[in-house]
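Colleague: Put the two chains together into one complex; each comes in its own frame, and the hints tell you how they fit.
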Amino acid sequence: MIEVNNIHKSFGDAHILKGISTVFETGKTNLIIGQSGSGKTVLLKCLLGLFSPEEGSIVYDGQKYSELSSKDQRNLRQDMGMVFQGSALFDGMTVAGNVMFPLEMFTKLAKSEMEDRVNIVLKRVNLVDADHKYPSEISGGMQKRVAIARAIVMNPQYLFCDEPNSGLDPKTAIIIDNLIKEITEEYNITTVINTHDMNSVMEIGEKIIFLKDGLKEWEGTKHEIFKTDNQAVTSFVYSSELFKKVRQMYLEERN
Amino acid sequence: MKYLADIGGYGIMIVEVFKKPTKWRIMKTLILKEIDELIYGSLGILIFISFFIGAVVSIQTAMNLTSDFIPKNLIGFATRQSIILEFAPTFCSIIMAGKVGSFITSSIGTMRVTEQIDALEVMGVNALNYLVFPKIIAMMMYPFIIAIAMYVGIFGGWFAGVFGGFITSADFVEGVTMDFIPFHVTYSFIKTFVFAFLLATIPSYHGFYMKGGALEVGKASTTSFVWTSIIIVITNYVLTQLLLT
Ligand SMILES: Nc1ncnc2c1ncn2[C@@H]1O[C@H](COP(=O)(O)OP(=O)(O)O)[C@@H](O)[C@H]1O
Ligand SMILES: [Mg+2]
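For the protein sequence lines, the chains are C and L, in the order given. When you line the first sequence up against the numbering used here, it's residues 1 to 255, in that order. When you line the second sequence up against the numbering used here, it's residues 1001 to 1245, in that order.
Just chain L, same shape as in the assembly (with noise of 0.2 Å):
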C-alpha cells in the first residue's frame, strides 16, 4: 500500500516539477551550478572506477582463455562488450545513486528540515520546479561522462592486457573493433538517459518530502540510495529485454 503511494506521489511530484517555472535568468544559474557538481564533480571517480574495471575485465578474460584455439584478440571484443553495455551505464549509475543521489537527498532533505523549502512555498516559488528541474537539466549531461567512462574503461583494459603481458597491443585493439554494433552503444546511451532520469528524480523524491530532523537525513539518504538502485537495476532488466532481445 505504502509503495502505491509512493509511486502515486512520485508521478504527481513528476508533473509539479514542471509546472509554473523559474525565471530562465534564475534558473540558468541554477543548471549551471548543478553541472558543476552533479556532472563535474562526478567526473573523477567514474574515471577512477572505469579503469580499474576494465583493467580487470581484461585480466578475468585473459585468465579464461586456456584454450589455444580461441584467439587472443577475444580480451578486446570481451572488455568492449561489457564496458560499453553493462559496466559503463549500469555500474557506474549505481555508484552514482550513492554518490549523486545521496547528496541530492540530504541537500534537499536539509532545506526541508530546516524550513527553507516552506520559506521558498510561502514566497510563490514552485519550491519542486526551483529545486528539482535543474538537476533533471544538469543530469542530461549524464551520457557525455559515460562516454568517457567507455573510453576509460576500454582504455584500462587494454593497459592490463598489454602491460600485463596477456596480449599485444594490435590484438587487443583488433578485438575491440571486431564484429562491432553500433546499436549497442545506442542502447546503452537510452538505458543511460533514462538512468540520468532516475538518479535526478527519485533522490529528490525521497529529500523533498521527508519529516522529520538531522537524524531523518541520514535515513532518508540510505533509504534514496536503496531504492534507486533498485529502480535502476530493474529499469537495466526492462530496457535490455526490449531493446536488445
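Chain C extracted, bound-state conformation (with noise of 0.2 Å):
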C-alpha cells in the first residue's frame, strides 16, 4: 500500500502537481487518469523516488520515503518495478540481457541461476523465443513485454507503468493491460498505472484517480467512473463518440 499525503511538485515557476493526497491499493491495479499534460508522469516519478516532491510526503507500507537513510531508500527502490511509455529497453542489448540486467547489477546469483530467473520470467509475459533479438527488431507489444519482464524480475512488491499500452493496437493493448492485471495480483503487488485510454479504464480500473490542473478531481472504481456527474470526469470519459454510446445506452437501460 502506498499513501500518498498531499504532495507538490513544481519545475520553476510552473506548479505541476497541486497538493495530491490518495492511497494505492495492494494487489489491485490502481489507475491515474487524465488528459495529457495533467502530471500523471510527474506524480508516478514521484512515486518511484525520480522527483521529490516539495510537500508533502509519501509512505510505502509504513515507510516515509523522506525519513529514510539513502540506503533504505535504495533498498526500496529494489522493491519497485518501472515500465516506462516507450518501454525505455537498452538498445544495445538483447531481450534477455535487458531482462537480467537488474539481476546482473545487484544480485550475486549464479550466471544459470540468473538465465533460469530470466527464462521464468519471459515465459510469464509469454515471450518465447525471442531472447537473442534486440530491442529494434521485435514489436512494440513485445517490447511492451519485454519492458514488463524486465520490470518483474527482482520481485518488486511495487510496480509502476506509465501508458502500458499508448501505441499499441487495441487488441494488443488489452492483452498487456490483462497480463499487468494478472501479475499484480499473482504476486499481490501495489500496481499503480498511468493512462488515458478508456478500454484499460473499463478493463482493469479497480481503483481510479481523476488528474486535472494538478489536482485530484475525482476518485473511484470503474464502476462508479460511469454513474458519476462530475463534469471534468464525464467530459474526459465521454469524449469519445463510441463512450457516449455507451452511456447513452446504460441511460436508456436504466429507465
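Don't take every hint at face value.
What the hints assert, rightly or not - Here are the simulated lysine-lysine pairs, DSSO-like style, with alpha carbons at most 30 Å apart: (1) K45(C) to K1020(L); (2) K1023(L) to K133(C); (3) K1033(L) to K1020(L).
As the list claims (entries may be wrong) - To spell it out: a stretch of chain C is covered by chain L in this simulated footprint if at least three of its residues, at any positions, have a beta carbon under 8 Å from a beta carbon of chain L; those stretches are: (4) 74-80; (5) 83-94; (6) 178-188.
What the hints assert, rightly or not - Now the in silico label distances, taken between C-beta atoms and shown as ranges: (7) L50(C) to L1004(L): 25 to 31 Å; (8) S57(C) to P1021(L): 27 to 33 Å; (9) L68(C) to F1193(L): 38 to 44 Å; (10) H1184(L) to Q73(C): 20 to 26 Å; (11) K1219(L) to N255(C): 24 to 30 Å; (12) I120(C) to I1137(L): 33 to 39 Å; (13) M1141(L) to M93(C): 33 to 39 Å; (14) V59(C) to P1021(L): 47 to 53 Å; (15) L109(C) to I1234(L): 45 to 51 Å; (16) F1193(L) to V59(C): 27 to 33 Å; (17) I1148(L) to L68(C): 49 to 55 Å; (18) P1021(L) to V128(C): 33 to 39 Å; (19) M1141(L) to S36(C): 43 to 49 Å.
Just so you know, the hints here were simulated from the structure itself, not pulled from any lab data. Even for Gly, the Cβ is constructed at its ideal location relative to N, Cα and C.
Modeller: Dropping the structure here:
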C-alpha cells in the first residue's frame, strides 16, 4: 500500500502537482487517469523517487520515503519495478540481456540461476524465442512485454507503468493491460498505472484517480466512473462517440 | 549566467561520475566496448588525415624554401615540429570532437529522451558512472593513437617530400632527427591526456542533461561539437603558455 499525503511538485514557476492525497492499494491495479499534460508522469516519477516533492509525503507500507536513510531508500527502490511509456529498453542489449540486467547489477546469483530466472519471467509475459533479438527487431507489443519482464524480474512489491498501452493496437493493448492485472494479483503487488485510455479503465480500473490541473478531481472504481456527475470526469470519459453511445445505452437501460 | 551554471553542472557531473561505482565485472565489459568504439573506431580516420596533413606541411615548407642558403633538411625538421607540437594533438582532437564527441552526445542523448537513463536510475544504478566512467577510461588510450598519428604524419611528410622531388630521403631523415627536444613530446602528450578527458566528458555532459526529443538530440550534438572544440582550443593555449614558456 502506498499512501500519498498532500504532495506538491513544481518545476521553476510551473506548479504541476498542487497537493495530491490518495492511497494505492496492494494486489490491485490502481489507475491514474487524466488528459495529456495533467501531471500523471510527474506523479508517477514522484512515487518512484525520481522526483522529490517539495511538500507532502509518500509512505510505502509504513515507510516514509523522505525519512529513510539513503541506503534504505536504495533498498526500497529495488522493490520497485517500472514500465516506461516507450518501454525504455536498452538498445545495445538483447531481450534476455535487458531482463537480466537488474540481476547482474544487484544480485550475486550464478549465471545459470540468472538465466533460469530470466526464462521464467519471459515465459510469464508470454514471450518465447525472442531472447536473442534486439529491441529494434521486435514489435511494440513485444517490447512492452520485455519491459514488464524486466520490471518484475527482481520480484518487486511495487510496479509502476506509464501509459503501458500507448502506441499499441487495441487488441494488444488489452492483452498487455490484462497481463499487468494478472501479475499484480499473482504476486500481490501494489501496481500504479498511468493511462488516458478509456479501454484500460473499463478493463482493469479497480481503483481510479482522475487528475486535472495538478489536483485530484475525482476518485472511484470503474463501475462508479460511469455514474458520476462530475463534469470534468464525464467530459473526459465521454469524449469519444463510442463512449457517448455506451452512456446512452446505459441510461436507456436504467429507464 | 547560463555559462556559469553549465560550468557548475559540469563540475558536479564529474564528481558524480566517480561515486557509487558499477560492479567491476560489468564495468570491464563496458570499458572494452568503449575502447573498441571510441579508440579503435577512430584509428582509421586519424591515420588517414595525419598522413595527408604531414604531406601538405612538407610540400608547403619546401615551397617556401626559396633561398639556397637554407638547408633542405629544414623540411624534415619543420614537418616533425608541426606534427608533434600541434597537428597530431590539437588538430586530431578537433576531428575527434566531431567524430567521437557527437557520437557520445547523440548516444547518451538518445538514452535520455527514450527514458533509458531514467530506467537505470529507477533501478538504483548511478547512470553517470555507468555511462561516462567507461568513456573516460577508454579515452586514456587516446595518446596511443596520437602517437601513431605522429609517426604517420611524419611519414606522410617524408613521402610527399621524397616522391615530390623536393628533398632526398637522407636529408629529410636528418631534419627529423635534428635538434630534437624530448620535452616537446612530453608537452604534446600532456595536452593529449587533457584533451582525452575533455573529449569524453564535455559531450557526455551535453547528452546527459539534454531535454526534448529526437530533434534536440541533433541540436545537442552540434552544440557539443562547438563547445568541445572551443574548450580544446582554449586549453591548448593555456597549456602551451604554461608548459613551453
Ligand atoms: N522534468 C520536467 N521539467 C519541467 N517540466 C516538466 C518536467 N516533467 C514534466 N514537466 C511538465 O509537467 C507537466 C505535466 O507533464 P506530465 O506529467 O508528463 O503529463 P502527463 O499527464 O501527460 O503524463 C507538463 O506541462 C510538463 O511540461
Ligand atoms: Mg505522461
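Colleague: Enumerate the violated hints, using their earlier numbering and listing them in ascending order.
Modeller: Structure breaks hints 6, 10, 11, 13, 14, 16.
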